[in-house]
Amino acid sequence: MKLTLKIWRQKNAADEGRMVSYEIDDVSPDMSFLEMLDVLNERLILDGEDPVAFDHDCREGICGMCSLVIDGTPHGPEKATTTCQLHMRKFKDGDVITIEPWRARAFPVVKDLVVDRSAFDRIIQAGGYVSAPTGSAPEAAAIPVPKEDANKAFDAATCIGCGACVAACPNASAMLFTAAKITHLGLLPQGQPERYDRVVKMVDQMDAEGFGGCTNTGECTAVCPKGIPFETISRLNADLLKASRG
Amino acid sequence: MTELFTEGAPVEDTKAPDGPINERWDKRRFGGKLVNPANRRKLSVIVVGTGLAGGSAAATLGELGYQVKSFCYQDSPRRAHSIAAQGGINAAKNYRNDGDSIQRLFYDTVKGGDYRSRESNVYRLAQVSVEIIDQCVAQGVPFARDYGGLLDTRSFGGVQVSRTFYARGQTGQQLLLGAYQALERQIAAGTVEMFSRHEMLELIVVDGVARGIVARDMITGEIETHLADAVVLASGGYGNVFFLSTNAKGCNVTATWRAHRKGALFANPCYTQIHPTCIPQSGEHQSKLTLMSESLRNDGRVWVPVKKGDTRKPADIPEDERDYYLERIYPSFGNLVPRDIASRAAKNVCDEGRGVGPGGLGVYLDFADAIQRLGRDAVAAKYGNLFEMYERITGEDPFEVPMRIYPAVHYTMGGLWVDYDLQSTIPGLFVIGEANFSDHGANRLGASALMQGLADGYFVLPNTISDYLAKGPFEKIDEDHEAVVEAREAVKGRIEKLLSIDGDRTPDSFHRELGALMWEYCGMERTDAGLRKAIDRIRELREEFWTRVKVPGENEELNQNLEKAGRIADFFELAELMCIDALHREESCGGHFRAESQTPDGEALRDDERFAYVAAWEYTGGAPVLHKEALEYEYVKMTQRSYK
Amino acid sequence: MSRSTPVATRPRPKTPSPAAGPLKRYRSSVGKKAVMAVTGAILVLFLIAHAIGNLKVFLGREDFDHYSHWLRSVGEPAIPHRTFLTAMEVVLTVAVLLHIWAAISLARQARQARPVRYAARPKAHENRYATHVMRYGGIVVLLFVIWHLLDLTFGAVNPKGGDAQPYDKVIADFDPSRWYITLFYVVAVILVGLHLRHGLFSAVQTLGWGRQRRYPAVRLAADVVAALLVIGFVSVPVMVTIGVLN
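Protein chains in written order, with my numbering: chain C, 14 to 259; chain R, 82 to 725; chain F, 482 to 727.
No wet-lab data here; the hints were simulated from the structure. Note that the structure is a prediction, hence the values are computed from the model and not measured. Quick reminder that beta carbons are idealized off the backbone N, C-alpha and C, glycines included. Heads up, some of the hints might be wrong.
Quick list of in silico lysine to aspartate or glutamate cross-link-like pairs, EDC-like style, CA-CA up to 20 Å [claimed, not checked]:
#1 Lys-614/R with Glu-477/R
#2 Lys-573/R with Asp-559/R
#3 Lys-604/F with Asp-108/C
#4 Lys-604/F with Asp-84/C
#5 Lys-631/R with Glu-62/C
#6 Lys-631/R with Asp-60/C
#7 Lys-114/R with Asp-99/R
#8 Lys-92/C with Asp-478/R
#9 Lys-92/C with Glu-477/R
#10 Lys-24/C with Glu-638/R
For each label pair, taking beta carbons as the anchor points, the in silico distance ranges come out as [to be verified]:
#11 Leu-623/F with Lys-160/C: 45 to 53 Å
#12 Arg-508/F with Asn-164/C: 34 to 42 Å
#13 Trp-582/F with Glu-152/C: 48 to 56 Å
#14 Pro-157/C with Val-626/F: 17 to 25 Å
Construct the entire structure; sequences and hints are all you get.
Here you go:
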């Protein structure tokens with residue numbers, strides 16, 4: 014396959030950045046999208062050019078490190094798939110592919126396609142945990158959890174923190190990410206004591222980071238590689254309103 | 082062989098308590114000194130790595146009141162590769178009333194490790210396992226539950242009890258997020274300072290004691306000095322020396338290798354675990370391998386064509402021209418033989434030229450029989466997710482075409498040598514999780530890696546490190562101290578060197594070549610001649626690396642190729658030590674198979690007379706020095722495994 | 482001790498004080514959405530009453546004018562003339578203002594949240610047209626409401642002027658010769674309908690009642706209510722223009 018790649022290049026946070034086109038041939042349909050970029054980078058190095066920086070680590074769809082907005086869609090065209098698991102057979106010979114970083118004020122570009130997602134860590138710091146110091150735990154079987162609650166909590170807990178929800182949201186909102194943690198902990202008995210305090214603190218932090226608000230468009234869920242359910246956002250809303258009523 | 086290494090004095094675990102095995106952990110905790118809570122905040126600890134071991138250790142040390150600095154190379158501590166563990170975590174809870182006990186978990190682990198681990202350590206691991214589950218449940222880890230709302234378990238890795246707790250196929254992720262959240266809580270509380278996108282490049286040793294690290298800020302390139310009263314390495318395994326492995330791309334040996342160069346002994350580097358059910362390489366561009374759950378072997382049948390070089394489509398190969406080799410060679414275990422045996426058998430048939438798929442490196446895992454027997458829906462319900470993942474990667478539908486699988490490097494049992502307190506041979510340097518060598522012997526059982534990481538981080542290290550820290554307050558070290566300056570300058574010099582070579586080969590091209598070499602000669606099957614050849618080739622290639630590598634860009638920026646090049650440089654040195662270790666261990670045990678040491682029917686043959694010891698290697702710059710730690714078994718009788 | 486600059490290129494936001502009072506809660510992005518949902522709900526209830534009232538025009542001049550008169554005299558003599566109507570006007574005005582305030586401040590937050598836009602046109606994965614026209618649609622609806630008040634409430638732009646009887650105003654307004662006014666009304670009301678279609682769904686989600694299994698029903702209910710309102714409102718001007726009512 015022969016492709017034209019239009020890639021966002023930005024030397025560092027201070028640089029303005031621009032789209033640059035690259036031609037690439039000999040792309041095998043069996044390559045993953047990131048392997049295709051590896052091939053491009055190997056060539057750029059030998060040509061004495063700066064290779065394209067992009068985040069990646071596990072390359073099996075679970076660490077949440079890879080990103081990339083591909084032709085306007087975070088993680089590209091395949092549903093419920095991270096960029097690292099997207100394969101080139103989803104593209105056609107001669108395609109022009111636009112590759113951009115996550116775009117959000119809360120995710121400043123570090124270099125090329127790499128952004129800083131530490132805002133997510135700070136949202137978790139604000140309250141995304143159960144305060145259970147090591148050693149203080151009661152016997153694990155002491156608290157039964159209804160299977161359905163456990164399953165729903167699990168569905169929310171599968172969030173990989175990649176930030177595709179923010180990238181896709183027309184408002185660059187971090188609601189799905191925040192709501193996934195609120196829902197995971199809020200559905201379990203262990204999460205109850207801090208439940209309402211948690212939602213207030215996490216939402217405040219989310220706003221302070223400069224994310225936009227949620228307008229319920231559902232774009233986040235549509236691109237989420239783990240399919241975090243849209244209802245998590247409503248559960249967050251319910252908890253916040255309950256907390257606000259005192 | 083003497084030209085390759087020399088033998089030094091034996092090494093001894095002086096912290097290991099004696100007495101009845103079930104009292105040793107209590108005895109050690111009681112014997113160790115404690116630090117007064119008011120004094121803890123005056124003591125500082127550096128933790129490198131934020132996986133299950135490092136994340137849980139940093140959080141727990143923070144809770145105890147120490148000043149902690151935590152480092153990871155990823156953009157967030159939540160991304161450490163523990164996150165990718167699928168299967169589950171073992172614990173001797175005996176919730177199923179099926180005869181499990183601490184004693185049995187201990188026994189299974191020692192046996193599974195092919196009698197090359199320490200009894201005291203493994204027993205402690207089994208004891209602590211029950212506390213881990215309690216801790217994780219309290220944090221809100223959503224383990225699988227049954228209809229009564231109680232915790233569900235499954236059996237795993239060929240043991241006879243159901244002791245594996247799991248969270249669908251994402252147990253590692255859920256456990257890691259639990260530890261990560263505990264860590265973030267401590268960051269918010271101010272007890273832990275987090276340094277993400279920082280890579281440790283050197284250990285600072287002052288007067289023989291570990292006192293800090295030199296780290297590179299991966300965004301700005303700044304070379305930073307971080308000093309502390311103790312250093313904990315939780316930097317994971319070194320499977321990426323093979324280039325292709327199931328490890329994350331960033332996993333590397335640099336932190337532990339730098340410590341090794343500063344005097345920490347490296348134990349059993351040749352013990353690597355190779356997982357039989359991975360998706361085979363599809364071409365030269367392949368950057369990593371993806372593991373498919375071992376559970377697939379419960380219903381899939383493994384086969385290759387009888388004929389060499391048979392290029393027919395699998396459906397066109399008649400039944401009598403197929404070789405279901407595992408069922409043929411191991412009639413009683415069939416497709417369910419342990420990992421190392423299944424892996425080696427696959428290699429053997431491929432070596433005979435009967436492999437399938439690109440490059441002939443693959444065997445079929447066929448579900449046609451299962452689909453006929455159970456129905457398509459039942460198979461989909463059991464394995465639907467895995468089939469989807471397979472199809473996403475290969476473009477082939479396992480319902481229509483048999484899957485292709487091939488073994489891949491998955492875990493490394495070797496690591497820095499530590500005593501019962503998890504302290505290395507450098508005082509003040511502790512090593513936990515996959516980075517140390519301690520608990521799995523020559524082979525790790527399924528669902529035991531998560532157990533060990535969390536045991537070390539939550540429960541063992543926080544209790545043992547206090548005995549060391551109680552020696553404080555420690556002398557204050559200055560940034561201008563000779564040893565500190567030397568460490569910093571060494572790092573800068575190395576980076577300058579890498580950037581200045583400006584050769585004609587990319588870092589990855591060297592890594593691929595090194596990996597192929599290691600896979601060929603130090604992979605599933607090792608021979609004397611092969612290992613010697615590999616050592617020569619590694620040396621040549623390393624020399625070539627230092628004259629021909631091309632690292633683009635500069636230090637003062639995000640430079641992913643500079644990061645890679647530094648890691649590859651250390652992999653070269655490790656690779657040589659692995660081969661030397663593999664060469665000296667003239668027996669087969671667990672993940673280490675020496676072709677010269679096998680039973681008449683081709684199975685691994687241990688040599689307990691000569692090799693029942695831990696091989697702990699000392700770095701000299703030249704031929705390494707071997708220090709042996711003798712292994713004694715008081716509670717488990719050593720036997721030969723058989724799966725016929 | 483040498484310390485690096487933080488990864489982020491801008492100062493990290495401080496965690497807001499968790500001691501913030503309940504009123505402050507409504508200034509969070511989620512709180513503002515709740516304000517929009519509640520005020521929106523008030524406006525929808527009003528629209529339903531308004532539509533039912535409008536339909537009285539089909540019962541004839543007497544009924545319609547009597548209804549209009551009743552609105553002003555309801556509660557008399559217990560309460561003074563026009564008390565009810567004035568109170569309603571106050572409530573509606575406050576609701577509209579709060580709705581607009583929340584919308585503007587969320588829109589501003591959203592705009593700031595994504596300072597650099599995507600080069601590739603972001604794809605809408607949810608394909609719900611209504612969700613993407615809330616802001617512009619809202620502005621058009623507001624302009625329409627102003628015109629509508631000037632027209633049929635104050636009579637300023639009505640051919641009959643402000644003092645005429647309601648029935649006469651309606652008939653004169655949508656006279657066949659003024660077909661363009663009717664067309665304008667129809668288009669505007671459809672926009673109101675689209676606004677409601679997403680607004681109703683969104684309110685349910687924002688107030689915390691959204692769940693995966695309920696979504697199809699909520700979407701359907703929102704569509705039905707919006708459609709009925711559009712039909713109800715459109716029927717009067719259209720019937721006048723085509724001469725059924727005169």
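Hint-by-hint comparison with the structure:
Distance check on the hinted pair: Lys-614/R and Glu-477/R sit about 38 Å apart at the alpha-carbon level, beyond 20 Å; violated. Distance check on the hinted pair: Lys-573/R and Asp-559/R sit about 19 Å apart at the alpha-carbon level, within 20 Å; holds. Distance restraint check for Lys-604/F and Asp-108/C: the Cα-Cα separation of roughly 17 Å lies within the 20 Å cut-off, and the hinted pair is therefore satisfied. As the CA atoms of Lys-604/F and Asp-84/C are separated by approximately 8 Å, the hinted pair is consistent with the 20 Å bound.
Among the hinted pairs, Lys-631/R with Glu-62/C is consistent with the structure: their alpha-carbon atoms are about 11 Å apart, no more than 20 Å. For the suggested pair Lys-631/R and Asp-60/C, the alpha carbons sit about 11 Å apart, so the restraint of at most 20 Å is met. With a C-alpha separation of about 18 Å, the suggested pairing of Lys-114/R with Asp-99/R holds against the 20 Å cut-off. Under the criterion of a C-alpha separation no larger than 20 Å, the hint pairing Lys-92/C with Asp-478/R is consistent with the structure, at around 17 Å.
Distance hint between Lys-92/C and Glu-477/R is fulfilled; the C-alpha atoms sit about 17 Å from each other, no more than 20 Å. Using a Cα cut-off of 20 Å, the hinted pair Lys-24/C and Glu-638/R holds, with the two alpha carbons roughly 8 Å apart. Distance hint check for Leu-623/F and Lys-160/C: the Cβ-Cβ separation is about 49 Å, which falls inside the suggested range of 45 to 53 Å. Taking the beta carbon of each, Arg-508/F and Asn-164/C are about 35 Å apart, inside 34 to 42 Å as hinted.
For the hinted restraint 48 to 56 Å between Trp-582/F and Glu-152/C, the CB-CB distance of approximately 52 Å keeps it satisfied. Distance hint check: the CB atoms of Pro-157/C and Val-626/F are about 54 Å apart, inconsistent with the given range 17 to 25 Å.
Going down the numbered hints, you'll see the structure goes against 1, 14, while the others check out.
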